[in-house]
Amino acid sequence: MKILVAVKRVIDYNVQIRVKSDSTGVETENVKMSMNPPDENAVEEALRIKESGKAEEVIAISIGEEKAQETIRTALAMGADRGIHVKATHDVEPLAVAKILQKIVEKEKPQIVLLGKQAIDDDSNQTGQMLSALLGWAQGTFASKIELEASAAIITREIDEGLEKVKLPFPIVATCDLRLNEPRYASLPNIMKAKKKPIDNYTSDELGIDVSPRVRQLKVTEPPKREKGVMVADVAELVQKLKHEAKVI
Amino acid sequence: MSDSLSREVMEYDVVIVGAGPAGLATAIKLRQLNPAVSVCILEKGSEVGAHILSGNVFETRALDELIPDWKEKKAPIKTKVSKEKFLFLSSSSSFSWPTWLLPAVQKNHKNYIISLANLCRWLGEQAEALGVEIFPGFPASKLLYHEDGSVKGVQTGDMGLDKQGNKKDTFEPGIEIHGKVTVLAEGCRGHLGKEVIQKYALDTGKSSQQYGIGFKEIWKVSPEQHKEGMVMHTAGWPLDHNTYGGSFCYHAENNQIFIGYVIGLDYRNPHLSPYDEFQRFKTHSAISKILKGGKRIAFGARALIEGGLQSLPTMYMPGGLLVGCDAGTLNMPKIKGSHTAMKSGMIAAETINEFLSNNESLSGYAEKFKQSWIYQELYKARNVKPSFNWGLIPGIVFTGIDQLLFRGYLPFTLKHSHADHETLSPANEIKKIDYPKYDDVLSFDKTSSVYLTGTNHEENQPIHLQLKDTNLPVNYTLGKYDEPAQRYCPVGVYEIQRDKDDLNPQFVINAQNCIHCKTCDIKEPTQNITWVTPEGGGGPSYANM
Ligand SMILES: Cc1cc2nc3c(=O)[nH]c(=O)nc-3n(C[C@H](O)[C@H](O)[C@H](O)COP(=O)(O)OP(=O)(O)OC[C@H]3O[C@@H](n4cnc5c(N)ncnc54)[C@H](O)[C@@H]3O)c2cc1C
Ligand code: SF4
Chain A
1 MKILVAVKRV IDYNVQIRVK SDSTGVETEN VKMSMNPPDE NAVEEALRIK ESGKAEEVIA
61 ISIGEEKAQE TIRTALAMGA DRGIHVKATH DVEPLAVAKI LQKIVEKEKP QIVLLGKQAI
121 DDDSNQTGQM LSALLGWAQG TFASKIELEA SAAIITREID EGLEKVKLPF PIVATCDLRL
181 NEPRYASLPN IMKAKKKPID NYTSDELGID VSPRVRQLKV TEPPKREKGV MVADVAELVQ
241 KLKHEAKVI
Chain B
1 MSDSLSREVM EYDVVIVGAG PAGLATAIKL RQLNPAVSVC ILEKGSEVGA HILSGNVFET
61 RALDELIPDW KEKKAPIKTK VSKEKFLFLS SSSSFSWPTW LLPAVQKNHK NYIISLANLC
121 RWLGEQAEAL GVEIFPGFPA SKLLYHEDGS VKGVQTGDMG LDKQGNKKDT FEPGIEIHGK
181 VTVLAEGCRG HLGKEVIQKY ALDTGKSSQQ YGIGFKEIWK VSPEQHKEGM VMHTAGWPLD
241 HNTYGGSFCY HAENNQIFIG YVIGLDYRNP HLSPYDEFQR FKTHSAISKI LKGGKRIAFG
301 ARALIEGGLQ SLPTMYMPGG LLVGCDAGTL NMPKIKGSHT AMKSGMIAAE TINEFLSNNE
361 SLSGYAEKFK QSWIYQELYK ARNVKPSFNW GLIPGIVFTG IDQLLFRGYL PFTLKHSHAD
421 HETLSPANEI KKIDYPKYDD VLSFDKTSSV YLTGTNHEEN QPIHLQLKDT NLPVNYTLGK
481 YDEPAQRYCP VGVYEIQRDK DDLNPQFVIN AQNCIHCKTC DIKEPTQNIT WVTPEGGGGP
541 SYANM
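Residue numbers (my numbering), protein chains in the order written: chain A, 1 to 249; chain B, 1 to 545.
A hint or two may mislead.
Here are a few chain B residues that sit away from chain A, every Cβ distance over 12 Å (derived from the structure) [what the hints assert, rightly or not]:
{"id": "1", "residue": "Val-9"}
{"id": "2", "residue": "Val-37"}
{"id": "3", "residue": "Ser-93"}
{"id": "4", "residue": "Glu-133"}
{"id": "5", "residue": "Thr-156"}
{"id": "6", "residue": "Asp-169"}
{"id": "7", "residue": "Ser-208"}
{"id": "8", "residue": "Gly-236"}
{"id": "9", "residue": "Gln-310"}
{"id": "10", "residue": "Asp-469"}
{"id": "11", "residue": "Lys-500"}
Part of the chain A face toward chain B, derived, beta carbon under 8 Å [stated by the list, open to error]:
{"id": "12", "residue": "Ile-11"}
{"id": "13", "residue": "Asn-14"}
{"id": "14", "residue": "Gln-16"}
{"id": "15", "residue": "Val-19"}
{"id": "16", "residue": "Thr-24"}
{"id": "17", "residue": "Ser-52"}
{"id": "18", "residue": "Lys-54"}
{"id": "19", "residue": "Tyr-185"}
{"id": "20", "residue": "Ile-191"}
Since the hints were derived computationally from the structure, they do not count as laboratory data. All figures in this text were calculated on a predicted structure; none of them were measured in a lab. Beta carbons: idealized from backbone N, C-alpha and C, even for Gly.
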């Protein structure tokens, strides 16, 4: 069995995001980038499945600019066997990503596709769902536990009401929650080995996918500054303020 | 873990610790001289540049020698210095010192305003293109020695230990990296550099080392306030005349202002808070008019090494070399250390290249160093900093005579009288300083500042600020010096917390906020705090500092 894991290069979660002065987007020049955090969980889970003997190969794929290769290398250093880079020069929307992944799935024929539940840059939370629809495969989103049986996966989902267990017949698409596992560190020797692992390159044109944006972004601005809090003397004052000043109760 | 047997080993000809200008220049020069030499660089920051903070007015001399076609290769060096100012500030006014009266070392017309972090990123690319292996996110946590006492290499930090030092599920042991030569390029107050200086007594016969703490903020201001290429320095207010320090204000590209403050860590008043001095400095009318309407987009701090030639240790040892600010090659009156750091690395590379073929000793480094222009520079600069021990005005008068009339060639060398941790007076003998409240427009609290540094450390790991005596802060330093760590740490890592009746003081270390400036390791009056490397990748993520 093969597992395909999708990984995205995003602004590192520790970096304070700054809006560009011309409001066309956020500042990315010289800003630290790293692998989208839940994608790390996806890679980790794929590796654990392989290590348990239930899969033979883990392939990491990323769609994006040249430097997305670094993110693929990170996945390879964690232990993925090979990489696929589909080059795109601008941000690719979830639908286009899903279509590209569909093409690659048709080529590679994995039984499991793992993704992060959402990317921390645009928080779309759409790609996995769209991919499963395009492929007509079962989907398990927000997975916090994945157990494999001979012909199906049992996925525990983090939902508002608590935990939900679903049984999905292979092949499946699953999107991973941060609670799924704790991703491993890439060791130095493995980083060295990863430099020699193969990465196949494609462009969206070669795959015949139109990646032009369907959404027009008008303007990016910072959220309004939060006003300073006030100290209240007691509960009575708090209630009074909530009622008359904030007008929320 | 009982070592070596269970750890993986990687072998290189040369192992370099630290991807700053010194380490990168060493690596580049080595591969230029001999592409067959295998070279790796360990860098504790999560990427090259993430832990680099500097002014920076850059003198290109060393880079011109190392990569003469840096312009064609698109080095991020663009803004030429076009105008210079030097102001003396009093609390309410400013007095502009004529630039023709500035000693030549403080003139910058041939220099550029750059982001050193970005230059390091570019140097990193040049090094990788030459076949250097750079490993960001991997601190060298320990030195390894051969049986004969010579340096064998370094060990990278273990990953995945919890607070108590037990292995978590994700535990990944550090590995040993062995080199024929190990080059320490950790910058100011490197923790391995500190170890070898002690172990091999490299500072015998030298003056005690001197340090400063430097702050920097980047502001985006309106085009009207911005004069690209302008370089301004100030002395005087808010510091008193017995405290060595001053500010810099550089108008960089894209309407950015690099504004910062450097304070000598030989200050005497335990109530002094370097952070608050910098914050209130910005409220001076000569400064606030530049920042007005602008937005602060970055903050950081880092110690500088200021001892100069008289404090410079022997820079070679069996199997190893010190380069750049890890040794102390900064030129204090110029407040420049990047070009000398690079040059020292280049000389180190020449030495190593010879050593690898003849296997004699690394001592040729000292001879080469002495014949180079760095030595000339540092020799001429050597008396400036110590003269300020007499106070600001005598210091200026002396520096005028020394630098303008004698061009640094006065026939004597002033000594630094004390190490920085020895200078504090007891708290009850000196008046408290009343710092103004932060206005959230020009001055900000530590919490919002540390937020801008993008600092993070995995929370569940051993504390990387180690106390030799855990009771000392409360039992001694608190009473005697009102625990100055609360004030000298630029991001509030150290706190004294008391219960609600204001009793039972506790010394709390918020290690997660540490921005690796090394001030505590330098200034703690009893040297009770030792900075060690945290888990790889931890620390600030500076963008273009
Ligand atoms: C506020 C301020 C303003 C300055 N202004 C100027 C200026 O205008 N012009 C100028 O020329 N110079 C200036 N300097 C000085 C200049 O920044 C330094 O001289 C220069 O950075 C020294 O280079 P370095 O390579 O020796 O060390 P650093 O630049 O400090 O680099 C050391 C590198 O080693 C890494 N490292 C440290 N320990 C380890 C470890 N154990 N394992 C792995 N990696 C490690 C660090 O993360 C860092 O990346 C200024 C400095 C400050 C603080
Ligand atoms: S704990 Fe020490 S090294 Fe860390 S930021 Fe504070 S003073 Fe600097």
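Structure-based check of each hint:
{"no.": "1", "hint": "Val-9", "in the structure": "10 Å, violated"}
{"no.": "2", "hint": "Val-37", "in the structure": "18 Å, holds"}
{"no.": "3", "hint": "Ser-93", "in the structure": "33 Å, holds"}
{"no.": "4", "hint": "Glu-133", "in the structure": "8 Å, violated"}
{"no.": "5", "hint": "Thr-156", "in the structure": "6 Å, violated"}
{"no.": "6", "hint": "Asp-169", "in the structure": "6 Å, violated"}
{"no.": "7", "hint": "Ser-208", "in the structure": "37 Å, holds"}
{"no.": "8", "hint": "Gly-236", "in the structure": "33 Å, holds"}
{"no.": "9", "hint": "Gln-310", "in the structure": "38 Å, holds"}
{"no.": "10", "hint": "Asp-469", "in the structure": "33 Å, holds"}
{"no.": "11", "hint": "Lys-500", "in the structure": "16 Å, holds"}
{"no.": "12", "hint": "Ile-11", "in the structure": "10 Å, violated"}
{"no.": "13", "hint": "Asn-14", "in the structure": "4 Å, holds"}
{"no.": "14", "hint": "Gln-16", "in the structure": "6 Å, holds"}
{"no.": "15", "hint": "Val-19", "in the structure": "11 Å, violated"}
{"no.": "16", "hint": "Thr-24", "in the structure": "15 Å, violated"}
{"no.": "17", "hint": "Ser-52", "in the structure": "15 Å, violated"}
{"no.": "18", "hint": "Lys-54", "in the structure": "20 Å, violated"}
{"no.": "19", "hint": "Tyr-185", "in the structure": "4 Å, holds"}
{"no.": "20", "hint": "Ile-191", "in the structure": "7 Å, holds"}
In this structure, the earlier hints numbered 1, 4, 5, 6, 12, 15, 16, 17 and 18 are contradicted, and the remaining ones agree with it.
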